[in-house]
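Protein chains: 2
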Amino acid sequence: MILENEPTKQDITEAHERIKNQIHRTPILSSSSINKIAECELYFKCENFQKVGAFKFRGASNAVLSLSNDELQKGVATHSSGNHAAALALAAKMKNVPAYIVMPRTAPQIKKIAVQGYGAKIIFCEPTLQAREETLAKVVEETGATFIHPYNNYSVIAGQATCAQEIIEENTDLDYIIPPVGGGGLSSGTCLSAKYFSDKTKVIGAEPLGADDAFRSLRDKTIYPSANPNTICDGLLTSLGEKTFTILSRDISEILTVSDEAIVAAMRMIWERMKIIVEPSSAVTLAVVMENKEKFAGKKIALILSGGNVDLAKLPF
Amino acid sequence: MILENEPTKQDITEAHERIKNQIHRTPILSSSSINKIAECELYFKCENFQKVGAFKFRGASNAVLSLSNDELQKGVATHSSGNHAAALALAAKMKNVPAYIVMPRTAPQIKKIAVQGYGAKIIFCEPTLQAREETLAKVVEETGATFIHPYNNYSVIAGQATCAQEIIEENTDLDYIIPPVGGGGLSSGTCLSAKYFSDKTKVIGAEPLGADDAFRSLRDKTIYPSANPNTICDGLLTSLGEKTFTILSRDISEILTVSDEAIVAAMRMIWERMKIIVEPSSAVTLAVVMENKEKFAGKKIALILSGGNVDLAKLPF
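Protein chains in written order, with my numbering: chain A, 1 to 317; chain B, 1 to 317.
Honestly, the hints are just simulated from the structure, not real lab data.
Zero decoy hints are in this set.
Repeated chains share a single entry, so a pair holds when one copy, or any two copies, can fit it.
Quick list of in silico lysine-lysine cross-link-like pairs, DSSO-like style, CA-CA up to 27 Å:
(1) K20 <-> K36
(2) K36 <-> K95
(3) K112 <-> K93
(4) K36 <-> K93
(5) K111 <-> K314
(6) K111 <-> K74
(7) K121 <-> K36
Input sequences plus hints: build the corresponding full structure.
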């Protein structure tokens, strides 16, 4: 099933043209020592080096740059305390338009400072889903700002798809691309780019066992809410939306789940051997490879390191 | 004064030719947010991404590859528990010749494992300078191996000089290159490359206040031993040798010292904003810039990030 307005090959190509001058073309690194341990060829797409430290800036940029001049003037809004909030704030700042970010009062100080640093207006609410949605609705009504959902939005999905598009441009014979799966923006975009630009490349999603709602949702063909997720991967706590669910149901090869223990071990391996900082949500991709060595033996695999925003005072090592 | 056999321009060019296929050509990164804070243009040469995680592999490779076949057969030896030991072990392994590493019994387990992992033979000794030198002399006598000093060795210095040579190849109009100063292998090599390849570029050494023996040695024109150094920079504890002292005395513009507090703040800034892992000995270079902002305002400066080997269980954050 293809939903109306789902991003086409041309939409993704155009998204990349639209955002390419304001995003980083992130490097693809490899590590001979990790390849030796994993017994396959791994290519790490370093979105931890992306602006705001996460792939989210691609989707937010495409969403902002796709708005009409009238829409732009009124600004953009979202509810998030994570990387999407910072990404949208920066994308809005670069177009010199207002960004309204609804955030629970309880959000970590470090996140508030980051978003304020990008010049966004923060509107605090109680830390409940209802308060968040009501507050956002009120902000949108009062300001006329356009709501940019963190993932259940085709402009955002097309933006995230440019990450796999770049990977495929540089690696034409990949067996697999493995993105982490949270709300499904990155993973569904990856599926679309693989289908359009390299039909021999399969996409496998990587998900923490403690937040395996996407795995269960695809298995049972229904969207489960992410109830009481329990994982170190703070970027992968959300449930799928109907747009991302539809694309993933149709196009992803499978979702593999791994324990937090395996994720922390993989994160440590990346830090120690590659000397780069990735957040736990990035390391879930390597953990999936390490926990399924027979399946991946000898294959060429791109792993999307989705971000590098960690609190250095709270490391799991 | 130029000592006999001191590396010439041609020696450094030949060293680079000799080692270029077995070292990584490390990237030079920049960060617009750090530039904004520092109010100058910084270029970070990422030797933390070098093999064994440190620039030391350049010098060790050049030393090993400069040996005759007869010498090679008998192998190489050194005393070190740090990055030079791992670098020499790997360089020897790549030529399939033995490496003998004299190490105090008290060296951290993690260092022993690293060196053993590269196939070197470790000879343990008591943790005193005398025991170390006696044990090394015995090993050299018994095996006929060539002693490769960590820094007071012209092949090593020429190898370390290839780092600045690469920097200058990619940046022709630098005002300064700032290496950290420990035993002086990297800093004296940097001075030679700046002199030969870009005479408008000055070299300023960065040294921790708690191990400022090089600063005092140059000021008083005599080599002070590094007595009771007290700094987080575990790669910068050694004193100068007569070869490195002679080059630095003649060619370095100056040495600037900074507190450990400033070093840890700079290290944190690199980790958080660049998402790369550097050891404290690398961060001393950025600390020097941050602590002398007026001096460096508006200048183009390359900082050598010398290594990325940290114990993740013992971070200063």
